[in-house]
Amino acid sequence: MRKLYRRLSLLAAMLLMFTSVILAQERTVSGTVTDESGQGMPGVNVLLRGTSTGTASDTDGNFRISIPNDQAVLSFTFVGYATAEIIVGSKSVINVQLTPDVQTLTELVVTGYQVQRKADISGAVAVVKASDLQSLVASSFAQKLAGRAPGVTTSTSGSPGDATNIRIRGISSFGNNDPLYVIDGVPVQDKGNLNINPNDIESIQVLKDPSTASIYGSRASNGVVVVTTKKGKAGQTKLTFTGSLSSAKSVKGWDDILITDSKEYIDMVQQYHINGGQAVPKFAEDETLPKYIYVKSDYIDGTNTVGDVIIGGEATYDRYDNPIMLSSPGTNWWKESTRTGTVQDYYLNLTGGNDAANFSIGAGALLQEGVLKYNDFKRYNIRANSSYKVGQKVRIGQTLNFANRTIINSPAQSEQGVLSQIYKIAPIIPVYDIGASVDDEGLEDSFGGSKTANTGNAANPLAALFRGRRNPTTTNNLIGDLYGEFDLVKGLTFKSDFKFDLTSFTGKAFTYRSPENQENQGAQNFSENWGNSSTLVWSNTLNYSKVLAEKHNFNVLLGYEALMAQFRNITGSLNNYFTTLPDIWYINTSWGDVGTRQINSTGGENKLLSVFGKVDYSYNDKYFLSATIRRDGSSRFSEDNRFAVFPAVSAAWRLSSESFLADNGFIDDLKLRLSWGKTGNENIANYNNVDRWGGSVGSAFYAIDGANASATTGYHMTNVGSESLGQNTKWEEATTTNFGIDASMMDSKLNVVLDIYSRKTEDLLYNAALPGTFGYLAPNAPFRNTAAMTNTGWDLGLGYRGQAGSDLKFTVDLNLSHYKNVIDRVDGITDFFYPNSTQGRIDNRLPMQININQVGYAISSFRGYETDGVFDDAAELASIDQPGAQVGGLRFKDQTGDGIINDDDLTIIGSPHPDLTYGLNLGLTYKRFDFAMFFVGSQGNEIFNYIKLFTHFRQFFSNVDRDYYLNNGKGGVPKLNFSDTSSRYSSSYYVEDGSYFRLGQLTIGYNVPIPSALQNSIGSLKVYLQGQNLFTVTGYSGLDPALSNANIGDGRNLNDIWTGFDIGQYPSNKLVTFGVSAQF
Amino acid sequence: MTGVVAAMSGLVGGCASDFLDTPVQNALSPDQLAATQSGVEASLISTYKMLNGFTNTVGNTWGSAPSNYIFNSASDDQHKGSEPSDNPDGYFEVSIYQWSPGFLVFTHKFQAVYEGIRRANNTIQLANQFKTNGGDAAVVDRIIAEARFLRAWYHFEAYKMWKNVPYYDETDTEDFTKPNTEDIVPKLIADLDFAATKLPATKTAVGRVDQTVAQALLGKVKLFDQDFTGALAAFNVVIGSGKYQLATCYNDLFTISLQNGKESIFAEQASVNDGDGNATNSNYLERLAAPHTGSHTGCCGFNNPTQDLANSYQVDGSGLPLANWNATRATVGAGSTTVDPRLDWTMGRTGVPYLDWGLHSDGWIRGSGWAGLYSPKKNMKLVTDAAGPGWTTNQLSAKNVELIRYADVLLMAAECEVEVGSLETARGYVNQIRTRAGNCAQGPTAGPLAVPINSALITWGVTYAVGTYNTTWTDQATSREAVRRERRLELATEGHRLFDLRRWGVLETTITNYRAYEKNVTNMVGATLVKIGDLDNALPVLPKHYVFPLPSTEIDLSGGNLKQNPGF
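Protein chains in written order, with the working numbering: chain H, 1 to 1080; chain D, 10001 to 10568.
Quick caveat, the hints were computed from the structure, so don't treat them as lab data. Certain hints may be false.
Just so you have them, the derived chain D footprint on chain H, three or more residues with Cβ under 8 angstroms [unchecked claim]:
1) 709–723
2) 987–999
DSBU-like, lysine-lysine: derived pairs with alpha carbons at most 35 angstroms apart [said to hold, decoys possible]:
3) H:335 with H:238
4) H:893 with D:10519
5) D:10378 with H:263
6) D:10544 with H:893
7) D:10531 with H:893
8) D:10131 with D:10203
9) H:282 with D:10378
10) D:10203 with H:970
11) D:10563 with H:893
12) D:10519 with H:291
13) D:10563 with D:10163
14) H:129 with H:263
15) D:10531 with H:975
What follows is a list of derived Cβ distance ranges for each label pair [as the list claims (entries may be wrong)]:
16) D:10445 with H:313: 23 to 29 angstroms
17) D:10529 with H:291: 21 to 27 angstroms
18) H:1030 with D:10524: 42 to 48 angstroms
19) D:10445 with H:314: 53 to 59 angstroms
20) H:314 with D:10539: 44 to 50 angstroms
21) H:877 with D:10543: 22 to 28 angstroms
22) D:10529 with H:967: 29 to 35 angstroms
All residues carry an ideal CB built from backbone N, CA and C; glycine is no exception.
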């Protein structure tokens, strides 16, 4: 024991001695890093070469670092600038001016299974840097991409936690048009993209053409969005905090459009009846408002809808039998149902490491209140990324992201949703009735409603929101990977990467009674669902790079990959709960009627198996060639059609490296690119090719024994397989040709990226409705190879970086995209098909299919009658046989000229596809201030304003557009007319120009000077004020021309056919944000 | 995880394809079903299931309701009801003859009947496969006979609607775009002849069919085909079998606890609280015919019976129907007219008990009397009957829909007897019906549901009488008229009327006369005089209206193989 102590003491003494020797030589150097204009550059990495010692420059560009001796070399790195390396020598002050990396040759892009210099890429890739998007408040990175990259469009609503559709170069499939998302190498099929905290993201690459995307082969035909999260960097441990607080309102409210005054409403209702030759509902004898708008008919004095007296008095009040409503002088239902929402976003990131190991840990919380009351979204994230060097030849790393997110009371964006109740419910109805009725928890529930004739069938929207306030859907998600990389021989690396994406979700919903509504919910029901899904991927790659004679660069990649995805979920419900107390919201037969209990589970599995290879060659940075091939097998196809091969080739020529362009003084970099390749799509239902039998009690059972409370088991064909219909379905394939130019001019001040492409998709997969002779299963048709279509278009990005004086710098970035979509061929016996009715039929009252996919037209064009003014008089009305038409109503064009308006006169009346979409970014920095402005817009797209069925033609006695009410019957505006059943039909009256121009973002930031006393603890501090969607210029009459198609339909991915359909989507939010970001 | 590892080792081992084999989850294959009798039987059960018109794939397909009330609203029995703009899928336009081939009600009916046909054909395919697998030949014959009966039933539904429809059997597996140019009646007769031979002599369960049911349908098909002799032969088998009798009280047919009684030949069997949380096996698609706010259902308020129908139940001093029934209005209270008691089993009239739900009130009517002031009644459960979870209480129940009942067969037989000249036999049948009609009337709210028609318990001012035809029938035209009149009164709102008017060739005159009266009817709604308004924009009835237009989407999807009915 003593011996050991003595030895340790000796060791300690030696260590102490050794340290003091080092200390003797160590000294500090300091200096300033400036950019090309001499302005101090904050955040430049200053690293002592060969060590893990490093620092970063402060907000003024100043740095201070300890060096061991005069031989030390300092390396200064910053994205977009050439790295500078300085030998310290005897200097104690080192000032460095960094120069922009002219060709951004060092910018790295993650493409597929490798990282490439952007300069070497011969395909079409758009890179979005996280720093450009950082301050923007949004629940998903997808939302932030709007207008940021040429050829990339997004669609989302203002609903908190709503999904976002990203479309790359328009729509190319009838089915799934989602790009493949690859998060740190993990392929993710989550159109919401809500699991990743946008703050965690380092950069986003959008692979637009097959030469870059086809390495992902299957599922890449809609492009690939590669997301890279923040990784640790060698250097000082850094802690970053960002936080923001926003207040959100809708860009426009229904109260900007509808009648909100009861007297106007009454006048409108009377006009509607008078014009229709119908008995006019009386509201009050003296033309004032009646006192009551609903009392039980037996008590009524006057009419059965309104009155001034209740026989028996207000004491007859009974919540369920006789709610008594005082008429409202004008309920503003929009105002009652909405609020100014608060959005809080907090994020902490810790990063650091040395040459051998590094880490990055992020944690965030997003707490978002919806503009609709009682509608919330919450998300908590933790991310941990690290990588390690083991010896000289082995590298190991991992990424791991956990997200817990909850959406409460997310409204259905359809006719039945809360938002739609707002335009349906009459302003004369009060928010509450006279009672002080409480529910089982003692909370007021004496809502007013439409429980009277002639006030429509709307539900009280506030009541619906209130009662849904505890109906959450919670998702837990874990995405990550673990990889090992081994250098086998020089230039040859083997990488094995195991990736996973695990999700579990739960949801529950309690349905309250709603006695105030015309069609009232009578029972208290509860439903719950649980589910989980997993995607596991194992990929193994070999990468070989070799440079010959310093001019010939070779890179060869070979890999194989297996993917297995599974899901399983269970849903249950029980009806007739005896109380509303939330503590018994469980499916337990004690609480409801046992005969109503329903529990079902389901599941499925699909797999992919792939082999791929890629060869890149470049000569002297002038000529680039690349070839990719991938063979994919998918379990979703039968054995014969399981495998498909996706090749791609591309070439590029850097003209600026040629002698004839050398030293021209104008062009810094000029590259021409040409690529061709194929990609695939297998995103169809599992087990698509075979007949599946089963069925539920409701669809197949039958009480053959005459029992009243039980049914005998039945089975029916729930899904018909494609093979039964004579087709062995195979992969959908897209062939794309892309020509591109990258140019950088005027000392890199002006940058241009232009891509022109044509994408032809063959064997399009779609489950087009079968003939009705196939029965009810017609809409459950299998996916079959149905058609061909072509997308042609161009994407243009223009950027200018300029300077005025020494303090003012500015950037202008404009991106423009155009595509044209044409259906070339439809297989089978018709030259068109309708969207599958379970997905495409918007309305079951407009008596026709409103969408059509027809040869020669764009996907999902609008179909209806062409309007031809209004019928001015009875003679005109008599001149044509238009069933249901009235004088003052819309006149339809007789396309066939046979004097009859019927289905033969239907024609294509519009297209939701824009001629041009664009984004314009303006950036400006002046001393400590920065300023950013971002515009986004769309030109030439049309919107089918389906809501006019209600707000103009009073479907279900709904409320009416005030402008329409004031102008009806004048100047060609159709008359409000009870008896006009014809005007409501799908016609060009519903089709409006959907072009818009929107100030997406306006930000003013200030870099707060750090007092020198605090400079050791605070690296930088920035505060900013931001507005989003502050104004919109549009001619569209609805709430918001930036319509979402992401959360509509049956929940499947297949909702592009809803593009341009306004069915009452949640409008975009107008946000005002105060934010802070600090680095320690 | 283990799967991926297995995949990788599989890849190395060269059997990559095995990895991609994923067995179908949560579903059975036809081969698995055809392996056992119970699998084939279950397919047959699901074929019966389509009698209620519903599967849960596309929501509320009102047009496929088994009673055809949507289409019957084009007759003089019913208004569309509710409010003018509350118009699911073209229902209102059907009632006012603004028929567009684009209306979804047509598609719904089309898809529902062809779903039934496909299920029947699938069942036959499975049964044949089961036989090949060594299944019992007698069982297979019986299953195929039931399936062929149902196939004929569904085709006949299509035939009633459109007349020109394609016929599909079990050999049609890939092509579903057959033309509709062929007369399908011979094929229906072949199916029913087979069923009438191979089915069991008596039902093995109340919901199933037997030889007698097959004869009843066979007779009906032949009647629609104007083959009165053939039809009569079939009806006589049914009548002669002695299996069926008229129920004691008219309303027994529409009382859940008495369903499947001696009068019910073939009914859609409904159930609630049977494990389906949406109660889709209930009278699900019939529920629009539940009364509105203020009533016990607070529901939908569609399907209001007409004033013309109410009036037609008025009787003369002998208890026989009035020749000119619209000369007076059927009323309730002091000085009310004398009516056939079936009136108050057929519709809810204000002041009269609505089954055991209390007195009917004008407030139950939606839309301020725009479509009259009567509520449909035959679809409604009693207070004590179990309810299913609809969006309003009491709208759903295990209420069956009577598809063929004995009174229907007697009246069809009577029609045939009139046509072949046996007028007295016809009179006998009609008198059976009328005698039964006189047995019971609606009872008081808190008393028995049914009481004798002269009961002192009837205190709400209604006089009931129904008499029989006691003089010999000698004139064919008069007899024909009496039988047809009786058919209307007996089967009102049960979905027969429109198809009967068409079959008799009297659609134009009947509807034109009805409208001339009905559209001018006014009612006091509270203090306001309201005119029935729904017929104001009705289009004239033309010869083309003897069939409905085929759904235009179906014509499109058939690539033009389906030909639209003339005039649409």
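*residue 10445 of chain D and residue 314 of chain H, beta-carbon distance inside 53 to 59 angstroms?*
violated, 27 angstroms
*Check the following: the C-beta atoms of residue 1030 of chain H and residue 10524 of chain D are separated by a distance inside 42 to 48 angstroms.*
For residue 1030 of chain H and residue 10524 of chain D the Cβ distance comes to about 57 angstroms; the hint is violated.
*Using the Cβ atoms, figure out if residue 10529 of chain D sits within 29 to 35 angstroms of residue 967 of chain H.*
holds, 32 angstroms
_Coverage of the segment 709–723 of chain H by chain D, judged on three or more residues with CB within 8 angstroms_ = That given contact holds, which follows from 11 residues of the segment 709–723 of chain H lying within Cβ reach (below 8 angstroms) of chain D.
*CA of residue 10531 of chain D to CA of residue 893 of chain H, is that 35 angstroms or under?*
With a Cα-Cα distance of about 34 angstroms, the restraint between residue 10531 of chain D and residue 893 of chain H holds, given a limit of 35 angstroms.
*asked:* Taking the Cβ atom of residue 10445 of chain D and the Cβ atom of residue 313 of chain H, is their distance within the range 23 to 29 angstroms?
replied: holds, 26 angstroms
*Take a look at whether the Cβ-Cβ distance between residue 10529 of chain D and residue 291 of chain H falls inside 21 to 27 angstroms.*
holds, 23 angstroms
_Just to be careful, I want the Cα atoms of residue 335 of chain H and residue 238 of chain H compared with a cutoff of 35 angstroms; is the pair within it?_
Roughly 46 angstroms between the alpha carbons, so the hint for residue 335 of chain H and residue 238 of chain H is violated.
*asked:* 44 to 50 angstroms was suggested as the range; check whether the CB atoms of residue 314 of chain H and residue 10539 of chain D agree with it.
replied: Given about 48 angstroms between the Cβ atoms, the range holds.
*Is the straight-line distance between the alpha-carbon of residue 10131 of chain D and that of residue 10203 of chain D 35 angstroms or less?*
This hinted pair holds, its Cα atoms lying about 23 angstroms apart.
*Can the restraint linking residue 10544 of chain D and residue 893 of chain H be considered satisfied, given a maximum Cα separation of 35 angstroms?*
holds, 24 angstroms
*asked:* Need the status of pair residue 893 of chain H, residue 10519 of chain D: alpha-carbon distance at most 35 angstroms?
replied: The given pair, whose Cα atoms are some 31 angstroms apart, holds under the 35 angstroms limit.
Hints 2, 3, 5, 10, 14, 18 and 19 from the list above are not met by this structure, while the remaining hints are.
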